[in-house]
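Colleague: What follows is each chain in one-letter form.
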Amino acid sequence: MLIKGTGQLTKLLFRKDRVKIIVWLTILLAVSLAAAFAYPNVYKTEQDIMAFGLTVENPAMVAMIGPGYDLEDYSTATMFAHEMLLFTSIAVIVMNILFVGRATRADEEEGQLELVRSYPVGRLSYLSAAVIEALIVNLILAFVIAFGLFLSGLDGMDLESTMLYGSILGSIGFAFAGFTALFSQLAETSRGTNVFSFGFLLIAYFLRAIGDIESEVLSFLSPLGWIVRAYVFTENAWWPVFLSFITAILTIGLAYYLNSIRDMGTGFLPERKGRKRASGFLKTMFGFLLRQQRLNIFAWAFGIFLLSASFGSIMGELESYFADVDLIKAFLGEYPNESLTNQFLSLLIGIMALFSVIPAIMSVLKLKSEEFQNRTEFFYSRAVSRPFLFSHYFLFGLIVTVVVQMMIPLGLWSTGSVLKEMGVPFNDLMKASLAYIPALWIYVSLTAFIIGWFPKLSNVVWIYFGYSFIVLYLKELLKLPDWLVNISVVEHVPNFLTEDGNLLPLFLLMGIALLLYIIGIVGYKRRDIVG
Amino acid sequence: MNVIEVRGVTKKFGNFTALNNINLTVGEGEIYGFIGPNGAGKSTTIRILLGMLKATDGKATIFGKDVWKDAVEIHKRISYVPGDVNLWPTLTGGEVIDILLKLRGNGNSNKRDELLERFDLDPTKKCRAYSKGNRQKVALVAALAQDADLYIFDEPTSGLDPLMERIFQEYVRELSQEGKTVFLSSHILSEVEKLCDKVAIIRQGEIIEEGTLKEMRHLTRMNVIVQTKEPIDGLKEMDGIHHLEKRDKEWHFQVDADKMGSVITHISEFGIIHLESLPPTLEDLFMGFYEGSVLSENKRGNR
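From first to last, the protein sequence lines stand for chains E and U. In this text, residue positions in the first sequence follow full-length UniProt numbering: the first is 1, and each later residue adds one. In this text, residue positions in the second sequence follow full-length UniProt numbering: the first is 1, and each later residue adds one.
Hint data in this document are derived by calculation from the structure and do not stem from the laboratory. Some clues are possibly wrong.
As the list claims (entries may be wrong) - Computed list of lysine-lysine pairs in DSSO-like fashion (alpha-carbon distance at most 27 Å, straight line):
#1 U/Lys-59 / E/Lys-525
#2 E/Lys-366 / U/Lys-65
#3 U/Lys-76 / U/Lys-102
Only chain E is shown next, with the shape it has when bound in the complex:
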């Protein structure tokens, strides 16, 4: 029998994933509810809602979050649906890709499947278990979100609409579970499966973005184009749910067929052969580091550029929009002399700058993970000194910081013809962005420092990073005391948009970064290397 033992394997998968499932569902529910409750608080008057409706009509916003409702249909419920549905769906899709990719190709690649298959279980049982797991998780998600929203008792959250909202999330998630199951048959590795699945998600997103602005036909080619046309809370169209579900059935059916005719460990699109010899560049230390991390760095740089570009494109609407919105004012604090756009731009550059240091932190953290995966011993058993390797990872992190950070002014400027009109020169944007670099380098050198002395605690750097983020984002809203704010280094970055920046803090920050790096080397030279 082809599916013998599926029930047991499904239990196994749930046992294995139970913590992850609970975390994902909790976060998705919490964020949805928090957002649903936030809208009535932020948009109190008819006027606020109207202003929102006008803002989201802007093509850049349509490209980002999908076509909106008719102006007179806007209420806090439809605003919630318009702004949250697509992005929540993407989160649900990411969850599905990770779960299904793990339970199909990754387990096959690592040999768990081989072990399982040696027992009396059917050839398609593991795939079936993965599909059933995805189905159950998506069902739970749909019900939890639907009833969560319904029970919130917020204005406009009637049973049918909330059921539709939850069902869309569950069904689009399940559709992508199907695509992932299919891609896991095609690709030979789990990495390949992820590249195909996330690549497909990206294509679906952009197809919808272009379609929503230019021609609806394109949007209908993308599953994401379907769900933004459900008009939850007004028309309540159920066809996107059915279409997603049918898609899931078809892709899963195809995955079953392909799985049943292939050998274990193979894929229909085998890996290409790689190079026999290393190129001269790869043989240098920087070439080696870049090769390891190029995909990650490129993805971050591209993402930061896109985000900046999309913010650049809506900059024009901001002035009038912010004027009405109390919440944003609370975020920014009251500075009556400066234009709101400049303030918003400063906050935006700050947040984006913090984002842009993530790949740099990750690239330095690699030194630790390489060590704990017994790969630095290849270097240290050869004529390579510890400061040499340490410094290369550190310098590489510094460079990554600069490269990714540059994407912010470039992105903002690329679509920001509006900025030009408003008299924000490119130089100022560049200066305001570059001013963050010394502070960002401190995160890089802090990472190096921790790796030098306390490698097991290297993830502590993320706590400090998270703290900086919260301070930056919420200091005005939470009215944090100065000393708490000052712990975060990015708070010491002079603002070149709203004032004539003082250069002294930049040099001080660089000095601190240098110091942390030097102390880090001392520790790294003295301590045991794991492997």
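Using the hints provided, position chain U relative to the given structure of chain E.
Modeller: Chain U alone, transformed into the frame defined by chain E:
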């Protein structure tokens, strides 16, 4: 001059003593076997020798230089294959070999290609697609393709098939003929037995014996199989006989080396038809140590 000298090295991880006062001496041109069960401290010892771990106490030198302070200098003349080979998943085997050879700077391109062929390794595959044995081959090719004075192998053949194991052994013998020194850790006893001039046995962080195989055999038991015309009496009561067992008409037992004479005298009274006496394999030696105190009993008996 000795290539490796370890004197009283102790390594503690917190409260755990991984190595307790160990001593090793490896002379130039020797093939030195370092054997012990998993977790005995073999890899820890090697990582101390490579200057990756710092000894809590004691002194270790290679080529007369301090392994911790002069690590980089020493490593210019060392080639090493780790026990658990983890490679960079996105690079191909060929690329990894080239990178590793570049790090030493004196890799031999002809030797590289010859090794790839002998070990039957496809260098165009990504490392993530390699099996354990193939990952090990990548590390072996990189280590053997470069010219060094001391080769350190940490369980180099644990993932290789017997054919590849033999190729590896041929290369090690070749190195030895060229006068190179080889330090080989293993729990595969036949390998050590075939290759090594000297061995050290480590268990629970302590060296329990160091010497040539010949010396060690002398200290322990012989395996004896005997058949006599008349049934033998009194074997059970004799001193120095272990694991006595009767299979069909034959007696199988082990006898302590120093009790051999008296045992032979005793059994010859019963009219020997067939007598076999086999030297202990390393396995026997090893199991003897592993079970506990055979050696120390024997030592006491000898002195």
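Colleague: The structure should be examined with respect to each hint, and the outcome stated for every one.
Modeller: Quick rundown of the hints versus the structure:
Restraint check: the Cα-Cα separation between U/Lys-59 and E/Lys-525 comes to about 18 Å, which is no more than 27 Å; the hinted pair holds. Note on E/Lys-366 and U/Lys-65: the hinted pairing is violated, with a Cα-Cα distance of about 31 Å set against a maximum of 27 Å. Distance restraint check for U/Lys-76 and U/Lys-102: the Cα-Cα separation of roughly 12 Å lies within the 27 Å cut-off, and the hinted pair is therefore satisfied.
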